[in-house]
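**Student:** Below, each chain spelled out in residue letters.
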Amino acid sequence: MGLKTFPGGIHPHHSKKYSENASIEEMTLPKKVVIPLSQHIGAPAKPIVKVGDEVLVGQKIAEAGGFVSISMHSSISGKVSKIGKFHHPAGTMADAIEITGDGEDNWIELVDDSVEDLSIEELKKRISEAGVCGMGGAGFPTHVKLSPPAENPIDTVILNGVECEPYLTADYRIMLENAEEIIAGLKLLMSAVNASKGIIGVEANKPKAINHLKELTKNEPNIKVVGLKVKYPQGAEKQLIYAATKCKVPNKGGLPMAVGVVVQNVATAIAVYEAARYKKPLVERVITISGKIVKDPKNIKARVGTFYQDLLEYCGGTSSEIAKVISGGPMMGFAVPTLETPMTKTSSGVLLFDSKEAHKDDENTCLRCGRCVDVCPMNLVPSLIVNDVKYDDFDGALKYGALDCVKCGSCAYVCPSHIKLIQWIDIAKIKIAEKNRK
Amino acid sequence: MNKIYAVSAAPHVKQKISVSSVMWQVVMALVPALAVAVYFFGIQALMLSLYGVTAAVVTEGLIQKFRGVAVTVKDGSAVLTGLLVSFNINVAAPWWIPVVGAIFAIAIGKQVFGGLGFNVFNPALLARAFLVASWPTLMTSGWIPTNMNSLSGITNFADLSTKAQDLITSATPLGVAKTIRNIDFLGASDTSIVMNKLAEIATLKNLFWGNVGGVIGEVSVAALLIGAAFLAYKHIIEWRIPVSYISTVFVLTYIFGGVDGLFSASLLLPVFHVFAGGLMLGAFFMATDMVTSPVTKKGRIIFGIGCGLITVVIRLVGGYPEGVSYSILLMNIFVPLIDRFSIPKAFGEVKK
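Protein chains in written order, with my numbering: chain G, 145 to 582; chain L, 2 to 353.
Just chain G, same shape as in the assembly (with noise of 0.2 Å):
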């Protein structure tokens, strides 16, 4: 029998090789972060410290603007000196608290609590206080996954160890070297949701991170580790749910919890696990910084609010004059005009290209070839989408699916006439989301 997967996808040059075996290393403390207050899913977070407070680290410093909101907290210590607008890993300007470091690293009180001991709401109450949200990429707040409605009762937690974007190796470095505490997390996961069944879900092409999670869950019945094709977008969270469980999750903006399932990446179980046991929140993430120019590619265990240009520094910088700048992976990721960027929770990787890397080709029309057909992992007609936004048709777009459209790239990837095609569905769905709300 094959290995679990979804029907379409590509597969794109993994390009792992830079960082794969680079070790976690702890980065110096930043002189100063950026704390964006979107940096998630949601209402952005609502600041409730001033231009001079004295702040530690692990401080809360801007409180959930809802129940789908997360709070932020200061990720070093030292005094907030600005409040505005700062560039944003998306590629925008955002509202942002800046800290400038006093040199030390005081921490609030933390505490080292029996996990079992807590009850489902303190444990919840723990993680929507540490700022817990997924650190997979799209960052939806955590607590609120773990509260689904009484009708869609959670079967099973499902990790997402995947890690189908080239260059990252992040998740694979924690997989390694911090397996305890992902199973932690994940038991935590289920008695959160009271699911019977656990499983991490690991391309195949990361054996070493397949075999030590075995080896660590062989006496744990209810919990599985599910080896996967390596195929791009494995680690989408419908096409991954598929390919663990066969469960489709309905289209048309349908939930896994539909399905019984709750997907979280295996980075956020670390966080739900500390945030369960020391009460310590969100304020430090592994990251990888890689790309063929990059002098020595590392996975950096760093603090949110860090500036790229800190993290290239910390890796010796380039070899050659960088030409693109992406935060997260290649395929859904956002290119960035600056370095004067700060990660956030969600940042799972900074890429560096060289000018010949950074590919500039100009769109050219529709040959009607249908790769992009043949690998949408949603099962659309992409150039159709594409066809009719090009012509103002967003009813046409609409038919042909693109609000189902997850982003994933794979169209565009394969696409022999340099067709964005993602852009062009996205403005499809920014056209259509305006026409709901007249």
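For the record, the hints were derived by calculation from the structure and aren't laboratory data. Among the hints, a few may not be true.
[Said to hold, decoys possible] Computed cross-link-like contacts, DSS-like style, restricted to lysine-lysine with a CA-CA straight-line distance of at most 27 Å:
#1 L/Lys75 to G/Lys500
#2 L/Lys235 to G/Lys439
#3 G/Lys148 to G/Lys445
#4 G/Lys160 to L/Lys66
#5 G/Lys368 to G/Lys148
#6 G/Lys534 to G/Lys579
#7 G/Lys436 to G/Lys368
#8 L/Lys66 to G/Lys504
#9 G/Lys543 to L/Lys298
#10 L/Lys17 to G/Lys373
#11 G/Lys436 to G/Lys534
#12 L/Lys299 to G/Lys534
#13 G/Lys175 to L/Lys4
#14 G/Lys534 to L/Lys66
#15 L/Lys15 to G/Lys500
#16 G/Lys223 to G/Lys392
#17 G/Lys564 to L/Lys179
#18 G/Lys341 to G/Lys160
#19 L/Lys235 to L/Lys179
#20 G/Lys573 to L/Lys4
#21 G/Lys579 to G/Lys175
#22 G/Lys573 to G/Lys176
#23 G/Lys390 to L/Lys298
[Unchecked claim] Between beta-carbon pairs, the in silico distance windows are:
#24 L/Lys4 to G/Lys175: 32 to 40 Å
#25 G/Thr509 to L/Ile184: 50 to 58 Å
#26 L/Lys4 to G/Thr236: 14 to 22 Å
#27 L/Phe119 to G/Lys373: 33 to 41 Å
Fair warning: this is a prediction, and the values are worked out from it, not measured in the lab. Note that the Cβ used here is the ideal one computed from N, Cα and C, for glycine as well.
With chain G's structure known, arrange chain L on it following the hints.
**Tutor:** Just chain L, lined up with the frame of chain G:
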């Protein structure tokens, strides 16, 4: 620290593929078929192909200049069209036939619609239809036999009547098949003998290697399969159209192909129909033309079945011996309609 970098939309990595790499790879895939044609027909096969290619490239360049758009003759698409036009021509045709065909294909088949990506019909097939309508004799007679003085691929025919021998030596395989569907032409007993000879292994071998009469590009099944395998390996053609097209022809000729009613044919007769004429060239290189075939997966199967159905109808009951080119042209018309009615269900589609 204030350096500003260029930004662009994701994805930031891309497969190494472009319009011109696709086109040139299809051209390369046609080289084996051209080589076999030169082997059997002589250097004239190559010359006619060069005339067609040159005319196509020059026409494309001139029209693009005239239209004031970028001249893209280097992308290989005009070369491919010119080559496919020539592949549809009898090697005995004069030099100007591929030239006129290629000019028509590019000017009327492609540029009138707005150029690459916008044409409704396969340009090479449209040109072929134009040439057949304009110079029917030049296009459908005067076939040059390969090395054994038998156009049809049947080699052992000494025991047959003179009339049957004349037919076998002077008609293409599908021409023979068409003629004997009129049983009165040879009489019942000779008809069934010739029918069996068409579908015997020796004949099929000749068809497979290309030792038969026909247009330049269609004769060798083996050479076309090599090219098709290369394109499939490179993910430039996809299995749905060729497989559904060829299977439809196979099944329908098995059921209706015999001269004594339903299912009267041997199992080798459908093999004959698959190997003979332009089916291999059509199914792998013309019906799969990206611009003029459906983009949806289900649509490609409907398209292939439609092509197969029309091909068989023309071959068995129509006025021409061969129906591949008209079947593809007719199905080209339905492509937008097929796409519209074959939109796939999205992953996780909720039932209404």
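**Student:** For each hint, tell me whether it holds in the structure or not.
**Tutor:** Right, here's what the structure says about each hint:
1. A distance of roughly 23 Å separates the Cα atoms of L/Lys75 and G/Lys500; the hinted pair therefore holds under the 27 Å criterion.
2. The straight-line distance between the Cα atoms of L/Lys235 and G/Lys439 is roughly 35 Å, outside the 27 Å bound, and the hint therefore fails.
3. Simply put, G/Lys148 and G/Lys445 have alpha-carbon atoms about 32 Å apart, too far for the 27 Å limit, and the pair is violated.
4. The straight-line distance between the Cα atoms of G/Lys160 and L/Lys66 is roughly 47 Å, outside the 27 Å bound, and the hint therefore fails.
5. For the hint pairing G/Lys368 with G/Lys148, the CA-to-CA distance comes to about 14 Å; that is within 27 Å, so the pair holds.
6. A threshold of 27 Å between alpha carbons decides the hint, and for G/Lys534 with G/Lys579 the separation of about 17 Å falls inside it, so the pair holds.
7. Our distance criterion of 27 Å between C-alpha atoms is broken by G/Lys436 and G/Lys368, whose separation comes to about 35 Å.
8. For the suggested pair L/Lys66 and G/Lys504, the alpha carbons sit about 25 Å apart, so the restraint of at most 27 Å is met.
9. For the proposed pair G/Lys543 and L/Lys298, the alpha carbon gap of about 17 Å is at most 27 Å, so the pair holds.
10. Proximity of L/Lys17 to G/Lys373 is assessed by CA-CA distance (about 23 Å); at most 27 Å being required, the pair is judged to hold.
11. For a cut-off of 27 Å, the pair hint linking G/Lys436 to G/Lys534 is broken: about 36 Å separates their Cα positions.
12. Note on L/Lys299 and G/Lys534: the hinted pairing holds, with a Cα-Cα distance of about 25 Å set against a maximum of 27 Å.
13. Under the criterion of a C-alpha separation no larger than 27 Å, the hint pairing G/Lys175 with L/Lys4 is consistent with the structure, at around 20 Å.
14. Taking the CA atoms of G/Lys534 and L/Lys66, the gap is near 25 Å; set against the 27 Å cutoff, the hint holds.
15. In summary, the hint linking L/Lys15 to G/Lys500 is supported, as the alpha carbons are separated by about 12 Å, within the 27 Å threshold.
16. For the hint pairing G/Lys223 with G/Lys392, the CA-to-CA distance comes to about 49 Å; that exceeds 27 Å, so the pair is violated.
17. Between the alpha carbons of G/Lys564 and L/Lys179 the distance comes to roughly 50 Å, so the proposed pair goes past 27 Å and is violated.
18. Restraint check: the Cα-Cα separation between G/Lys341 and G/Lys160 comes to about 31 Å, which exceeds 27 Å; the hinted pair is violated.
19. Note on L/Lys235 and L/Lys179: the hinted pairing is violated, with a Cα-Cα distance of about 37 Å set against a maximum of 27 Å.
20. Straight-line distance between C-alpha atoms of G/Lys573 and L/Lys4 comes to about 32 Å, which puts the hinted pair past the 27 Å bound.
21. For the hint pairing G/Lys579 with G/Lys175, the CA-to-CA distance comes to about 46 Å; that exceeds 27 Å, so the pair is violated.
22. With a C-alpha separation of about 37 Å, the suggested pair G/Lys573 and G/Lys176 falls outside the 27 Å cut-off, and the hint is violated.
23. Annotation: proposed proximity of G/Lys390 to L/Lys298 holds, straight-line Cα distance about 22 Å (limit 27 Å).
24. The given range of 32 to 40 Å is broken by L/Lys4 and G/Lys175, whose C-beta atoms sit roughly 20 Å from each other.
25. Distance hint for G/Thr509 and L/Ile184: a CB-CB separation of about 52 Å, consistent with the stated range 50 to 58 Å.
26. For L/Lys4 and G/Thr236, the Cβ-Cβ distance of about 18 Å falls inside the hinted range of 14 to 22 Å, so the restraint holds.
27. At about 38 Å, the beta-carbon gap between L/Phe119 and G/Lys373 stays in the expected band of 33 to 41 Å.
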